[in-house]
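In terms of the working numbering, the sequence shown has 15 at position 15, counting the first letter as 1, and numbering is strictly consecutive.
For the record, the hints were derived by calculation from the structure and aren't laboratory data. Predicted model, so just to flag it, every value in this text is computed and none were measured. Hints are supplied without guarantee of correctness; some may be wrong.
Below are the DSS-like pairs computed for lysine-lysine, each with C-alpha atoms no more than 30 Å apart in a straight line [claimed, not checked]: (1) LYS45 with LYS81; (2) LYS259 with LYS121; (3) LYS193 with LYS259; (4) LYS193 with LYS251; (5) LYS68 with LYS251; (6) LYS169 with LYS2.
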Amino acid sequence: MKILIALTYYRPHVSGLTIYVERLARALVGHGHEVTVLTSQYDSKLDCKEVVDGVNVVRVPVVMRISKGVIMPTFGIVATKLVRSHDVLSIHLPQFDASGLVLRGRIFGKPSVLTYHCDLKLPGKGLNRLVNGLVDFSNRVAACFADSICAYTSDFAINSPLLSNYLKKVHYILPPVEVDRIDNESVSSWANKQQIRDNYPIIGVASRLAADKGIEYLLDALPQLIASYPKLKVIHAGPIDDVIGERQYYKRLQPKFDKFKDYYTFLGTLDSFDMTSFYRTCDVLVLPSINSTESFGLVQIEAALCGTPTVASNLPGVRVPVRMTGMGCIVRPEDADDLSRGIKYVLDNNKKCHMKYEEIVYQFSPNLVADKYEKLFTDLLSRRVRNGNDVR
Numbered sequence: 001m002k003i004l005i006a007l008t009y010y011r012p013h014v015s016g017l018t019i020y021v022e023r024l025a026r027a028l029v030g031h032g033h034e035v036t037v038l039t040s041q042y043d044s045k046l047d048c049k050e051v052v053d054g055v056n057v058v059r060v061p062v063v064m065r066i067s068k069g070v071i072m073p074t075f076g077i078v079a080t081k082l083v084r085s086h087d088v089l090s091i092h093l094p095q096f097d098a099s100g101l102v103l104r105g106r107i108f109g110k111p112s113v114l115t116y117h118c119d120l121k122l123p124g125k126g127l128n129r130l131v132n133g134l135v136d137f138s139n140r141v142a143a144c145f146a147d148s149i150c151a152y153t154s155d156f157a158i159n160s161p162l163l164s165n166y167l168k169k170v171h172y173i174l175p176p177v178e179v180d181r182i183d184n185e186s187v188s189s190w191a192n193k194q195q196i197r198d199n200y201p202i203i204g205v206a207s208r209l210a211a212d213k214g215i216e217y218l219l220d221a222l223p224q225l226i227a228s229y230p231k232l233k234v235i236h237a238g239p240i241d242d243v244i245g246e247r248q249y250y251k252r253l254q255p256k257f258d259k260f261k262d263y264y265t266f267l268g269t270l271d272s273f274d275m276t277s278f279y280r281t282c283d284v285l286v287l288p289s290i291n292s293t294e295s296f297g298l299v300q301i302e303a304a305l306c307g308t309p310t311v312a313s314n315l316p317g318v319r320v321p322v323r324m325t326g327m328g329c330i331v332r333p334e335d336a337d338d339l340s341r342g343i344k345y346v347l348d349n350n351k352k353c354h355m356k357y358e359e360i361v362y363q364f365s366p367n368l369v370a371d372k373y374e375k376l377f378t379d380l381l382s383r384r385v386r387n388g389n390d391v392r
C-alpha cells in the first residue's frame with residue numbers, strides 16, 4: 001500500500017505530533033508499506049527530499065511564516081502529484097492545508113483519514129486570532145469530507161468542538177509510545193553528569209516551552225514546594241528559546257526563570273536514550289497544560305514505562321493516562337496551589353502504576369497502532385473498490 005502522510009511540521013521539529021507521526025510512519029514501513037511524508041521545509045537547511053528510516057520525506061519550501069503557520073506557494077502542485085500517486089491519505093491536524101488535501105482525495109478517489117491531534121489556540125488577538133479562524137475552518141471542511149477520523153480518546157473527542165460533530169466517523173486509536181531500555185548504571189551516570197544526584201525531589205518537565213504548556217503555574221508553585229523540599233530540582237527537557245511562535249512567552253517567563261535559577265535547569269532537546277534516563281531520574285513528571293492544544297500527553301506514558309508518576313491537568317484527554325495507569329494524580333489547570341498539592345501528594349504517597357508494564361507496552365506499541373491504521377486503510381480501500389470509485 002502506498003500511504004501519503006501529511007502534516008505541517010515533521011522531524012527534526014520536536015512536538016508530540018511530530019514524534020507520533022515519526023513512530024507511525026516507521027511502523028508502517030516495517031509492515032511493508034511505501035510511506036511518504038509531505039511536510040514543510042520550515043528550516044531552509046533541511047533537504048527538500050530525503051529518506052529517513054525507510055520513510056520518503058518531501059518538504060515543500062516555505063516563503064514566509066505567519067505565527068506558527070507557514071506559506072508554501074508550491075504546496076498545491078506537489079500535493080496534487082503525490083495524492084494521485086498514492087493509495088490512501090493520512091492527514092494530521094491541526095493543519096491549514098488539510099481541506100485542500102481531503103478535497104484532492106475526493107477528486108482522485110483516494111480515501112482520506114484525518115488524525116485530530118489537538119485544537120489550535122494561538123495566544124493573543126489580531127493576526128493570531130485570524131490564523132486560529134482560518135485553520136479551524138480548514139479543519140472543519142476536512143472533517144466534513146474525510147472518510148474517517150482518528151482520535152486518541154473518546155474523552156477528548158466528545159469534548160472537542162470539532163470532533164463532537166463527527167463522532168459517527170471517529171475511530172479511537174491510542175498514540176504510539178516507546179522508550180529505550182537502558183541499565184541502572186547508565187541512568188546513574190547520566191544523573192551524575194547533570195549534577196543532580198544530591199537533589200530531592202527531581203521534578204521533570206518534558207515539553208517545548210510554549211504558552212499552552214502552563215509552565216508559569218509550575219514556577220508559581222515553586223515557593224510552596226521549596227518550603228517543603230529545600231533541595232528540589234526541576235529539570236526541563238525540550239526546546240526552549242527557539243520554539244516557533246513562542247519567543248514572547250519565553251521572554252515573559254525569563255524573570256521567573258532567573259529568580260529560580262538554582263532550582264530550575266534546562267536540559268534542551270534530548271535524544272531517546274537520554275530521555276529514558278531523564279524519566280527514570282525524575283521522582284515525578286508534571287504536565288500543567290492549560291487548554292485543548294494538549295489532548296493526551298505522550299510523555300505521561302513514556303514516564304509510566306520508566307516507573308515515574310505524573311501530575312497532569314484535569315483536561316479532556318490529558319487526564320486519561322493517569323486514569324488508565326493509576327500512576328500519578330490530576331489537578332486543576334491554571335492553579336499553582338493545586339499543582340503544588342498534587343506534586344506533594346504524589347511524592348508523599350509514592351504512588352505506583354496499576355497497569356502491568358507489559359500491558360502498557362502492548363497498548364501503546366507502534367506496531368499495534370500501525371495495525372489499526374492499516375486495517376482502517378484497507379477497509380476504506382475495499383469500500384472504494386466495491387463502490388466502483390477506485391481512481392488511478
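Results for each hint:
{"no.": "1", "hint": "LYS45 with LYS81", "in the structure": "24 Å, holds"}
{"no.": "2", "hint": "LYS259 with LYS121", "in the structure": "29 Å, holds"}
{"no.": "3", "hint": "LYS193 with LYS259", "in the structure": "24 Å, holds"}
{"no.": "4", "hint": "LYS193 with LYS251", "in the structure": "28 Å, holds"}
{"no.": "5", "hint": "LYS68 with LYS251", "in the structure": "17 Å, holds"}
{"no.": "6", "hint": "LYS169 with LYS2", "in the structure": "23 Å, holds"}
Violated hints are absent here; each numbered hint is respected by the structure.
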